[in-house]
Every structure is written in structure tokens, then in C-alpha cells.
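Engineer: Chain A is fixed; fit chain B with the ligands onto it per the hints.
As a plain string of letters, each chain reads:
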Amino acid sequence: MSPQEKDPMATNENEAPHGTAMGTSSDPVGQAEELAPAEVANESPSQGAAAGVTAPVSTPAADRADHDDAAGYYTTGAPIADTKAPAGPVERRWTERVFNAKLVNPANRRRLSVIVVGTGLAGSSAAATLGEAGYHVDAFFYQDSPRRAHSIAAQGGINAAKNYKEDGDSIYRLFYDTVKGGDYRARESNVYRLAEVSANIIDQCVAQGVPFAREYGGLLDNRSFGGVQVSRTFYARGQTGQQLLIGAYQALERQVAAGTVKTHARHEMLELVVVDDGSGPRARGIVTRDMVTGEIETHLADAVVLASGGYGNVFFLSTNAMGCNVTAAWRAHRKGAHFANPCYTQIHPTCIPVSGEHQSKLTLMSESLRNDGRIWVPKNAEDCDKDPRDIPEEDRDYYLERIYPSFGNLVPRDIASRQAKNMCDEGRGVGPMVGDQRRGVYLDFAEAIERMGRSAVEAKYGNLFDMYARITGEDPYATPMRIYPAVHYTMGGLWVDYDLQSSIPGLFVAGEANFSDHGANRLGASALMQGLADGYFVLPNTIRDYLADGPFPKITDDDPEVRAARANVQERIDHFLSVNGSRSVDSFHRELGHIMWEYCGMERSAEGLRTAIEKIRALREEFWRDVRVLGTNDSLNQALERAGRVADFLELGELMCIDALHRRESCGGHFRAESQTPDGEALRDDENFAYVAAWEWGGETGEPILHKEDLVYESVEMKQRSYK
Amino acid sequence: MNLTLKIWRQPNGSATGEMVTYPITDVSEDMSFLEMLDVLNERLTAEGEEPVAFDSDCREGICGMCGLMINGVAHGPEVTTTCQLHMRSFSDGDVVTIEPWRASGFPVLRDLAVDRSAFDRIIDAGGYVSVNTGAAPDAHATPVPKENAERAFDAATCISCGACVAACPNGSASLFLGAKITHLAELPQGQAERHTRVLNMVHQHDLEGFGGCTNIGECTAVCPKEIPQDVIATLNKDMRHALWNRV
Ligand SMILES: Cc1cc2nc3c(=O)[nH]c(=O)nc-3n(C[C@H](O)[C@H](O)[C@H](O)COP(=O)(O)OP(=O)(O)OC[C@H]3O[C@@H](n4cnc5c(N)ncnc54)[C@H](O)[C@@H]3O)c2cc1C
Ligand code: SF4
Ligand code: FES
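One line per chain: the protein sequences are A and B, in this order.
Okay, so the first sequence: first residue is 1 according to our numbering, each after it adds one.
Okay, so the second sequence: first residue is 1001 according to our numbering, each after it adds one.
Bear in mind the hints are in silico, worked out from the structure with no lab data behind them.
Keep in mind that the hints are not guaranteed to be accurate.
Unchecked claim - Facing chain A, from chain B, some residues (calculated, C-beta under 10 Å): (1) PRO1023; (2) CYS1063; (3) GLY1064; (4) VAL1131; (5) PRO1143; (6) ALA1149; (7) ALA1152; (8) ILE1159; (9) GLU1186.
Said to hold, decoys possible - From chain A, some residues computed to sit far from chain B (all C-beta separations above 12 Å): (10) SER406; (11) TYR536; (12) ASP557; (13) ALA673; (14) GLY698.
Unchecked claim - Over the 10 Å line for every Cβ pair with chain A, so calculated as not near, a few chain B residues: (15) ASN1002; (16) ASN1012; (17) PRO1077; (18) SER1104; (19) GLY1127; (20) LEU1207; (21) GLY1217.
Backbone N, C-alpha and C define an ideal beta-carbon position, used for all residues, glycine too.
The following block holds chain A by itself, in its conformation from the complex:
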């Protein structure tokens, strides 16, 4: 068995603990595995020997074509297409687009202004690069420094098709792996371009001083992992996101010093300004709130870039930072930007479980733990509150080993997650009661310690065990750890064309905030790659084609559309501050999170999703009527900030459920109970669902409007999930 094959599970890259010397040379194995990229849950060469499960599910595709679970919840609009990607061979499209995109004379660039919302990898890199080109850039973020964006938390690594190991990697192979990894729900042209520019990213970062891991010869180190047969992941111990972001942040600050970029810390975008100057509607600015003084400000420009991150916090509990939100994207959606594939979310099986109602966020642990740990729950529900060490072998249910004898604990990520939930739903979860359930399963190293010796386990997993001990106060060497799945990443986002332009002219979207490159599932170490590809290389080249037609007619704060946008923001704030209801913002957010997790989480069914939609609607009505936000607008008011975010999550949540309801197939991170093989594996339905679902806002009282963008594969062949 090759080293790559030792880790057949769907391991992600990004869950090494912070603050520990993850992957130092004393920990070669743990490091390698911690960096293992997420294999698409459904495909991994070494899984071949196992479960021969490709028999079609009971509902053949043809039967389902005319059966629309979501009928009545939405209307259908005209199909859309990406008009910007050149036709022709996929490997020539980007070169051609860069060549054909109009140029802007350097002298004119100073007269053109761009607003960038977000300073994560995507936003910082875009703002810095646009500043270097000579445009006038304003960058906004809600933290107190650009360097604190959520990208800082990414751990494991970044992919690039450098082929430094001469192991057969290539742009085509990274492209192919990513399309396959996305379960054939991403656009070929975009993914190919991502792979194409990936190598430049590493060059750029090294030149900035990003301290990637190196070999003794002084060259960059790479890793290879389960499923992916090549070494293409670059990393900086367990803190790759931090180091990449510091690189981009420093490039950004250099432009601040040069006067091309102005940063606006603690400024939250609350509205998009769309103005029709006679040539049709264009994004021309944003309305922000200064989070310290409460001032509502208008910022106008020739183009707006949203790089505001993902929306995993719709689940309340996730591995995202506390402030991650959908507000910037959602306000743009309400102004006409289509929201694509909102139901595609990624859930990780090995997080530290919820410890009580006070829980505010969740922390990932490396899935590599599943290589040596054995997962179990008690056979009898009565044993669930016992000390696990007192439960005899015969009363334990090693359920993954039982249900999947060939894979055992190394089943793909989605299956591991779903089965953990099933065990807890059966009442056999362990750990503290959270709500009406114990939400955790054991991950037991007792046997590994016996087999390998404690010091070997320590060398391999010591840092993870330490992190676990710090958070839970339990000693994982003595008593089994408890794990539970958690929301981690959102593949959906604002719809963009090949130029990263949304359906509103002049509004561009980069990073996790757009939907473009990962299809229904993201591979490990590919989000960092995409954020930096978008910001450093793609957007600066495509946005100039748009800006070449500018500067656009001057508008002022007094334009009716601008005034209306500002009034809308003010009205919402006034409303929140005046309701003086009985429930805190967080209590609504938590409840929304419960609904989403229960019905739109790991497994979704038509019935559950319909229930969720009803519950969300009721909750939203109650929120507007009964939320309690104290204090005033004219100071730092964190409850007020959260109220605005939760209001938008309450609308997004419904759209996610409608999207999940209409997509009666399982693909990537989206598992519909109605679309599975007899063995419980996800079953795609290419005949009916090989499209991007781009949703148009249907108005306050209307239904969302679905525009389909057909996915056409010319360079790779669509394959059904197979374990053969």
C-alpha cells in the first residue's frame, strides 16, 4: 500500500489546532495527515476494495423529472449562461480572456475607484493588486485590522500544480481532481483557470516572505495524501491561512502606505448602492455603519468587489469566526444579484462536540485521528451516561466497523458524519445532554495505545490531544475523546460569470462569497487557493474590462437611489432599537441554527425541509416583532450588529431550504434522503440536475425565481460515484 493509500478517508486539510507546534519535525506523521486534503467524500482510489454499491436507488431519474418537491415555493425564470468564458479548448480560455479584456491606461487608473468589502485572502489580495495597478481602492472589514479576517484560521495548506515533486502533477490533474471533487457541479472553465494560476500564487507568496515549510535543501516541502496521488499541498505548519493572510495583509498595508488603498476598520457594509445612470443599473457603492460611532456612511465608486466570506454561521454553531455573516452578499442579492447553490454546505465529522447551551462556536480536530482511533457508542442507551471505561467490550457498538466492514472508521467524511447523527438520534449519543440529546460519539485510542505504545500515539497526535484536553478538560490518553460533526464551509454563494461579475453589472464577487469553483463539495486546501487566485490574478484582469468603460457618470449622496439605500439602513437600525421585545438576538440565532442543523444539515428530506421553511418563517416574523436590542446607534453596539446579521440569515435560511428541496438528488455536501443507493450512499442525478441553481430575489412577498445554468463538460467525463 502506498503512503497515499493509508489515508483513504475523506480527510480535510484544515483542522490542525492552533497554538501548538503542529507538524514540527518531531511530528512528521501527524503533520502529513493533518494536511491531508479532503477527498471528495465519494471517491478515493483505496476505497475501491470496499462496498460495491452503485446499484441505482429505487426512484429512477425519469420518474423524478416531473416530480418537483419544491413546487409552490419558487418560480422558474429564464435559463442563464456564462457569457464571458471564451469558447474553444479549456486550456486556452484564460489566456484568451486576459488578452481580450480591455486595457486601462495607467494615467486613467487614478481616476477609477473600486470598493472592496472584506480583507480575507480574497479581499486583501484583490485590494493590494488593484492598488498596485494604480486604481483608487477603499477596503472595508468589520474587525479592527484587515489581518483578522476569518482566513487567518485556515490551517492545513494550499494546493498548487507546481509539480515540484515530478510525480505527474499538472494543471490538468488539479483541474480534474477539483471537478471530480466538486461532484461534477462546478464549471469547467473556472476550475481550469484556478488550476492554471495556482502555481503563480506560490511564487507570489514566497516573494512576499510567507514562511512555507521547507526541506533541508532549502526548497519548499509538499505533502501527498489519501486519494490524491500527487504532492501538491504547500503549508506553513498548522497555520497556513495565517501566514498567507499576513502576506496579503502586508501587501495591502504597503499600498495603504503608498496612498492607493484606504482601509476602513470596524465598518460593516449594510447595503449595496445600485444606480441607473441611463445605461442600465450598475453597482456604484455601499452603505456602511461605522461600528464605533454608529455613523451611517455612503461610499461611492466605479465598481464594487464583495469578498465577504461564507455563510456557515447560518447554523449558529460552526467552525467559522463569530462575526462571519451573509449580510454583504444578501443585501446584494436583494438588489438583484443571483445567489447560486445556497444549499451546498460542507460538514466535518471530527469536531469537538457541543458542551452545553452556552456553546458559541465549534473547533475542528484533524480527521487523521480516524486512522488509529476507533469510533463507538454504547449498544444500550442506558449506558450512555456511564464512564466509557466501565462499558465492557461486548456492550460497545463500533458502528462504522459494523456497518462498513471494509472501511470501518475510515469511511468517507459525509458517511461518518451522517452515521454519528443517526446514533445520537437513536438515543445512543454520549457526553452532556444538549437540548434533548447527547450529541457526541466516542473516538477511542485505548487499542492504539496498546498496539503502538503511548509515545508513538503522542508523537503522532500529541498536539491534537493537547488541544482536546485544553478545551474539554479531559485526558484523551486515559478516556476516549468525544467527537461530533460541524458545519465548516459553504460552497454556494453569489452567482458570478467567468469574470467574477455578478448579475449586477459592476458588482464582482471573490473568495468564499462566490459560488464558482468548488461545485457541490470543496477539496481540502482549495479554498485558500481560490481566494488568492481570485484576488491576485483573476479579478484584477477581468475588472479592467469593466473599468475601461469608466469613470461612470458622477453620482452624489443625494441621488435618489443612494438616499433610498441609506434610508433603508437607517430604518432597519431604528426598528431594531425600538422593538424592545423579549428575546435576545442570540436566542433567535441559536433557534435558527437548530432548525437548519436539524433539517438542512447532514441529511435533508422533502418533509423535513418543508417543516424547516414553516419554522423559519414563523421565527422570522417573531424576530421582527419581539427582538430586544438595547442601547443606541451612536456607539459600539454589538447586539445591534448581530441583529442585522441574524435578520439576513433568517432570509437566507429559507432560500437554502428551498434550494435543498428543489434539488432532489444527492451530490457532494448535499444529501437527500430520497436519493441514495440501497447502501445509503449519495446518488447523483445528472440527467435532471447537472445545472447551477441561480436564485433571483423574488421581492418581500414573492417567491424566489430559479435560473438554471446548465453545466457542460467537454474536457472531463462525468462519472457516477463508485466504490468499485
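Structural biologist: This is chain B with the ligands only, laid out in the frame that chain A set:
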């Protein structure tokens, strides 16, 4: 457990503040310190009192957004960030004082939240390598010895939290500054601007009102990323070389 919290309340930057006492009951030892404050804030909201403002974002110890003086110690009793501190580090009946970072370079915005933008301005002054996007040579063009790469990495793990400043009797940001100087000084890419960088960054550090370093070492005792004090030696050495080169 039950605790008595004494928390600094200050409505805004120009107002005067005071310590306010809040008893809190039924604190679970599994809570993080910030979750304990979340619970307090839910209660205050229910009682009609404005919640306590404090900063946090990742709650994983990496973004550097959180930071409280807990019983007079930056980030509290464990060597970690405030967000990674758990209530099992406290005992029933404890009195816990919670204050913002106190330093002239970090003005208070409200309650426990401070303005650390001075750190960004120090970076603006030269904490970068001047290379435009697209202008980079192949990443393998210049090998970097592993030891240098690792020392650069260790210094680069600074999360810019400001605990070092809060702990320092002189209010010096030398550990933060030394970390950035060391990060870039260890790499070939950082050499071209090495001297101007240190001169400009130190100048900005002083302008922001941070004090001088007298090698007391309180900074390293609280630094959640365990940035070693020798980064300050590198800073001083580079400063001497730069001054020497200038005259
Ligand atoms: C724990 C964890 C580990 C991960 N590890 C990896 C990994 O190893 N490899 C990998 O490839 N991916 C990883 N990922 C995923 C990856 O980190 C993210 O997808 C990526 O960093 C997102 O970058 P971004 O630039 O799009 O957005 P973000 O970094 O989320 O930045 C969003 C920015 O927008 C700003 N913003 C948001 N809303 C507003 C608003 N309304 N107004 C003003 N500003 C706003 C914020 O201030 C912030 O600056 C990980 C994710 C998590 C949660
Ligand atoms: S040196 Fe340490 S204490 Fe100072 S800002 Fe950096 S991480 Fe925080
Ligand atoms: S909240 Fe990010 S370091 Fe504490």
C-alpha cells in the same frame, strides 16, 4: 461555580469608566471565558442593562481579536489567548477583575474593547516586502535554509493581539515589532529593505506612544504565541546596523 465579576464599564472613548460588580452563578467549567461573558450578557439584556462590549472573532486563538486583562494579567492565568481560556482555570467563589488593555497606544473604545490600529500603522511603515503581484520569480529560485525558514515562521506566528504591550510596564510594543523584524530578516526576500524597514517601523512605534524596552520580559510571559524575547535582540541588532549604515 459562582463568581464575582468586577468589570470595567465605559460607555465610549471620551467618557470616564468605572469597575462594576456582577455576581454570576452556575458557571460551567466547560465554558470558555468569553462564553461566560456571553451568558452574563444574555442576562444583562434580559434585565434591561446594556451588555458588556468585548472583542472576539475566531475564538480559536489565531485572529488576535480578543484580549482582556484578567486579574491584572493579560489573557489571564494560562499562557493562551483569552478566547482559549476555560472556566476550569477558576474556582467557586473567585473574584475576577476584567479590564481592557491599558496602554496609551490602545485607547479604549467602549468597556473592554480597545483601538489597536497603531499596530497596522507600524506595519505600514515597512513591515512588508515590496513586490508587486505578478513580479515574483519562481518559488524555487532562492532556496532558504530550513533553520531560517523556521525561525521566520516562529516569529511570524504573532497574532497582533497586543498582550505584550498591555503587560509591559513601559507600554512598549517591542515584542510585536521584533517579531515582524525577525520574520522578514530571516528570509532572503526581506534583505533589500532590511535597514529602512527597521528605522521606519521603530520611528512609527515611538510616534504611536509606545514606550521603550528595558528588557523586563513581562511581554514574553503573557504572549500567547510564545514569541521568544530574542526577537527583540534581533530588532536591536538590526537597528544598530541600520543606524551605522546611515551615518
Ligand atoms: C477552521 C477552518 C480551517 C480552514 N482551513 C483551510 C485550509 O487549510 N485550506 C483551505 O484551502 N481552506 C481552509 N478553510 C476555508 C478557508 O479558510 C476559507 O474559505 C477562506 O479563508 C475564505 O476567505 P475569504 O477571503 O473568501 O473570506 P474571509 O477570510 O472569511 O474574509 C471575509 C472578510 O469580509 C469582511 N466582511 C464580512 N462581512 C462584512 C460586512 N458585512 N461588511 C464589511 N466587511 C465584511 C470580514 O471583515 C473579512 O475581512 C478553513 C476554514 C475554517 C473555518
Ligand atoms: S508578540 Fe505575542 S503578545 Fe505581542 S502581539 Fe504578538 S502574539 Fe500578541
Ligand atoms: S478571538 Fe481570535 S484569538 Fe481570541
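Engineer: None of the hints should be skipped; say for each whether it holds.
Structural biologist: Right, here's what the structure says about each hint:
Restraint check, PRO1023(B) versus chain A: the minimum CB separation of about 17 Å is more than 10 Å; hint violated. Interface restraint check: CYS1063(B) against chain A, minimum CB-CB distance 4 Å, threshold 10 Å, status holds. The closest approach between the C-beta of GLY1064(B) and any C-beta of chain A is roughly 6 Å, which is under the 10 Å cut-off, so the hint is satisfied. Here the hint on VAL1131(B) is kept, as its CB sits about 4 Å from the closest CB of chain A, short of 10 Å.
Because the beta carbon of PRO1143(B) sits about 3 Å from the nearest beta carbon in chain A, less than 10 Å, this interface hint is met. Against a cut-off of 10 Å between C-beta atoms, the interface hint on ALA1149(B) holds, since the closest Cβ of chain A lies about 4 Å away. The closest approach between the C-beta of ALA1152(B) and any C-beta of chain A is roughly 4 Å, which is under the 10 Å cut-off, so the hint is satisfied. Checking ILE1159(B) against chain A by beta carbon gives a least distance of about 8 Å; that is within 10 Å, so the hint holds.
With a cut of 10 Å, the hint placing GLU1186(B) at the interface with chain A holds, because the nearest CB-to-CB distance is about 8 Å. No beta-carbon of chain B comes within 12 Å of the beta-carbon of SER406(A); the shortest separation is about 35 Å. Separation of TYR536(A) from chain B is inadequate, the least Cβ-Cβ distance of about 5 Å not exceeding the 12 Å criterion. No beta-carbon of chain B comes within 12 Å of the beta-carbon of ASP557(A); the shortest separation is about 26 Å.
With a least beta-carbon separation of about 33 Å from chain B, ALA673(A) lies farther than 12 Å from that chain, consistent with its non-interface assignment. Under the 12 Å C-beta cut-off, the non-interface status given to GLY698(A) relative to chain B holds; the minimum distance is some 33 Å. With a least CB separation of 15 Å from chain A, ASN1002(B) remains clear of the 10 Å interface cut-off, as annotated. For ASN1012(B), the shortest C-beta to C-beta distance to chain A comes to about 5 Å, within the 10 Å cut-off, and the non-interface label is violated.
With a minimum CB-CB distance of about 13 Å to chain A, PRO1077(B) clears the 10 Å threshold, and the non-interface call stands. At roughly 17 Å from the closest C-beta of chain A, the C-beta of SER1104(B) stays outside 10 Å, upholding its exclusion from the interface. Remark: the non-interface label on GLY1127(B) conflicts with the geometry, its nearest Cβ contact in chain A lying 6 Å away (cut-off 10 Å). With a closest Cβ-Cβ approach of about 14 Å to chain A, LEU1207(B) is found to remain outside the 10 Å limit, as its non-interface label requires.
Against chain A, the non-interface label of GLY1217(B) holds: every CB pair exceeds 10 Å, the least being about 20 Å.
Checked against the numbered hints given earlier, this structure breaks hints 1, 11, 16, 19; the rest are met.
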